[in-house]
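There are 2 protein chains.
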Amino acid sequence: MFNKRTKIKQLLATGEAGQTVTVMGWVRTFRNNQFIALNDGSTNNNLQVVATLGSFDDALLKRLTTGASVKVTGEIVASVGKGQTLEVKANTIEILGDSDAEKYPLQPKKHSLEFLREKAHLRFRTNTFGSVFRVRHSLAFAVHEFFNRKGFVYLHTPVITASDAEGAGEMFRVTTLPLENLPKTEDGAIDFKEDFFGKSANLTVSGQLEGELGAMAFSDIYTFGPTFRAENSNTTRHLAEFWMIEPEVAFNDLEDNMNLAEEFIKYLIQYVMDHNREDLSFLAQRLAEEEKQLPQDKRSELGLIEKLEFVLNNDFERLTYTEAIEILKESNHNKKKKFQYPVEGWGVDLQSEHERYLVEKHFKKPVILTNYPKEIKAFYMRQNDDGKTVAAMDILAPGIGEIVGGSQREERLDKLEQRMKEMHIPAEELSWYLDTRRFGTVPHAGFGLGFERMVLFVTGMTNIRDVIAFARTPNNCEF
Amino acid sequence: MFNKRTKIKQLLATGEAGQTVTVMGWVRTFRNNQFIALNDGSTNNNLQVVATLGSFDDALLKRLTTGASVKVTGEIVASVGKGQTLEVKANTIEILGDSDAEKYPLQPKKHSLEFLREKAHLRFRTNTFGSVFRVRHSLAFAVHEFFNRKGFVYLHTPVITASDAEGAGEMFRVTTLPLENLPKTEDGAIDFKEDFFGKSANLTVSGQLEGELGAMAFSDIYTFGPTFRAENSNTTRHLAEFWMIEPEVAFNDLEDNMNLAEEFIKYLIQYVMDHNREDLSFLAQRLAEEEKQLPQDKRSELGLIEKLEFVLNNDFERLTYTEAIEILKESNHNKKKKFQYPVEGWGVDLQSEHERYLVEKHFKKPVILTNYPKEIKAFYMRQNDDGKTVAAMDILAPGIGEIVGGSQREERLDKLEQRMKEMHIPAEELSWYLDTRRFGTVPHAGFGLGFERMVLFVTGMTNIRDVIAFARTPNNCEF
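Those sequence lines, one after another, are chains A and B.
According to the working numbering, the first sequence is numbered sequentially starting from 10.
According to the working numbering, the second sequence is numbered sequentially starting from 10.
Where hints are given, some of them may not hold.
As the list makes no split between identical chains, a pair holds if one copy fits it or if it spans any two.
As the list claims (entries may be wrong) - Listed below are the simulated DMTMM-like cross-link pairs for lysine to aspartate or glutamate, each with C-alpha atoms no more than 20 Å apart in a straight line: (1) 208 - 189; (2) 112 - 437; (3) 347 - 265; (4) 91 - 265; (5) 202 - 189; (6) 424 - 271; (7) 128 - 438; (8) 208 - 179; (9) 346 - 300; (10) 128 - 298; (11) 347 - 318; (12) 386 - 411; (13) 347 - 426; (14) 397 - 423; (15) 347 - 431; (16) 98 - 306; (17) 346 - 369; (18) 424 - 67; (19) 208 - 487; (20) 202 - 179.
Keep in mind the hints are simulated off the structure, nothing from the lab.
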């Protein structure tokens, strides 16, 4: 057993002067030939290790460079330095791994996020990404805790799927066919019977349809897994591979669905407020400094923590698409032609600029928009009695835009089949899905939360590539 | 708000006679024109709803068929029926969705697991799969709880990867190239620069290498995500798409690694024993009945729950590969030539029959085998001083075989580079991985637990297709 160490987070929280401890970690800085700032990833707060002058060989001290790993045994003592109450006076220092100061890419200075994206394998060792990924962890755990407490069943819906019926976006093909020598059928088409699954297969864009199958037995299920879009979108909000959470609940109508989504988002935020206060404080400060570079009118009105508190303490604004169109149409912003896409009438899909206007300028809080025109929504959404709209809901968040998309589902077989026909969705391929409407159908509803967008919202980061470990985007599949 | 209901599990546990409740769910059976066995997926224990004779229309009663969904409001009363202490006397019964008894595939009788595999979209509605997937949920939650409590960071390693360096198995290609018209370079090769990621990409076989990058910053990380093997294995233990948990811990050596894995497995089992007792009892009974069909010598010596208790209460047997080879070589089984692959000497990989002999016949408990010949293990495993073996560990479980594979990792740059050269692994493609050994390398170790194999072990199911929602295997990608 080598790993007999005290984690730095625990040491700083509960250590007592006089205790002898072993700590291990990486050197962040080494000052005045005696003060090591040591980090082990458990917290951004470095442990100060004191190598008393004259007690250690020069050869050893020279190796205490940024990035080097060490094992230190010593005594906890009260600290007189600012920003810490405890430090460790080293008895022994062992270098576990050197770090050539000339070559180590992370110097003890501020690096740009762009530079760190290129060094994604090392950026976890910085304060910013340490905090981001600890918060991401907490959010993921809170997802599971929230649903587990409510008695939901976590369903792992398939990643590889032969169904492309939802039409949620461009898909990646999954194949084992030899591209250099594709098997062909007699009429010259590619013979997918020879492929691994005996048919054409893709990466999933959503686990919803399979999730509904689970909800028709367990009542309450959720998924949390990777989903994929093969869209050539090089934006700060899109990834080709991202994680999504999709609860699906039997017996829920649209209002139940909105209530669940709002409660869920608030639970996640509260969890991080309770468990990652230090990380949030660091990220809030980081954001404030970043925003100092911006012109006044581009800065956030609220600091990061104030924003999260505001969301926790206020009801989300709920209104229909139709009401939203009226607000947008009548807005000064529209009348002064400040929208790139002017809002002229009912029926068009909302652009990101419209969503952000509603959230950031008009209501200044998260907004739930409901009852969209059926023409711009998916086939499985429940048709309202007006014949024009469906029981959809999107949640829009400040700075992010759409963070949740969901709906009550069409549980009536005849209405569903008719809509599929209108939208040219082949019923025979979704026979298993229609079975849920044939046998014991019930009202039900669900939604999808884009996990990385939630992490963006909570961390105050602005590029989605900075909140996932190794981003997959067009022409980028490193690590 | 439609969903104002009491879950049946909660009602049976804490309901009190005299309360008025609303329940919703699916009819399992309807007996004597008055007793509805109602299930909502929260438990296998059906709620008995009594439709007092003469109180309801015949037209309604005729629609109370197996699989139909209903909303019932009524009064909780003490039950005189056996197997239940409470039932609900219905005041109102509303049919939410009919289920044509002639067409509904699940009849109130025993269906074979093979039949239910074809009906995977409906099998969640059976007792067996209800229990299996509630246990699976609990195991997944316990995974997160275990690591969260220890301060591990949950890292989402990428599913799509351009790195195929680990060589853990055949991979699926991920592409957006048009197969009918593949772009070619000047020399006639397929031009992957035109592909989505600008290079050839695959589905991951393991998140370990990326996990190590995280461990070199956070000290303790774990992954829990889907992994893929494009192997043409049609067995009861292999899936093309399965979920894996991979912790990776800085400062852990092989012994620390074994301790963590053993503690982890026991935690998962204990969690299910504490939270899913009813489901385990059902599954234990199911298994016992299945085994009655088998000849005496093929039956398990312990019942399901006894087996789990035995694993909880005993240390795993730890021995080296070399010791295991000696035991196998000297066994009567080997001498009587009962192994398909006779054990003749040191150096060969163990077959499933050998692993099962050690676990099921010799030690009769889980076994951790360590220090395998380096020739049969991956390049990243730490080389032992003997020059022949590496610090690998595999955990073998009764009835399952290998359930965990792991190792201490080679943290010494020169040794790692040398081994990669010997194994023809291109160092330039893994430059990011080698950086962890260049800058502050530390001893570290990790392992992978195949999640479905763990679910098999805990549920006593025998075919891996029965413990994942929608199995992906050669020629099978339904739903």
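Which numbered conditions among the earlier hints are violated in the structure presented, ordered from lowest to highest? The structure breaks hints 3, 4, 6, 9, 10, 11, 13, 15, 16, 18; every other hint is satisfied.
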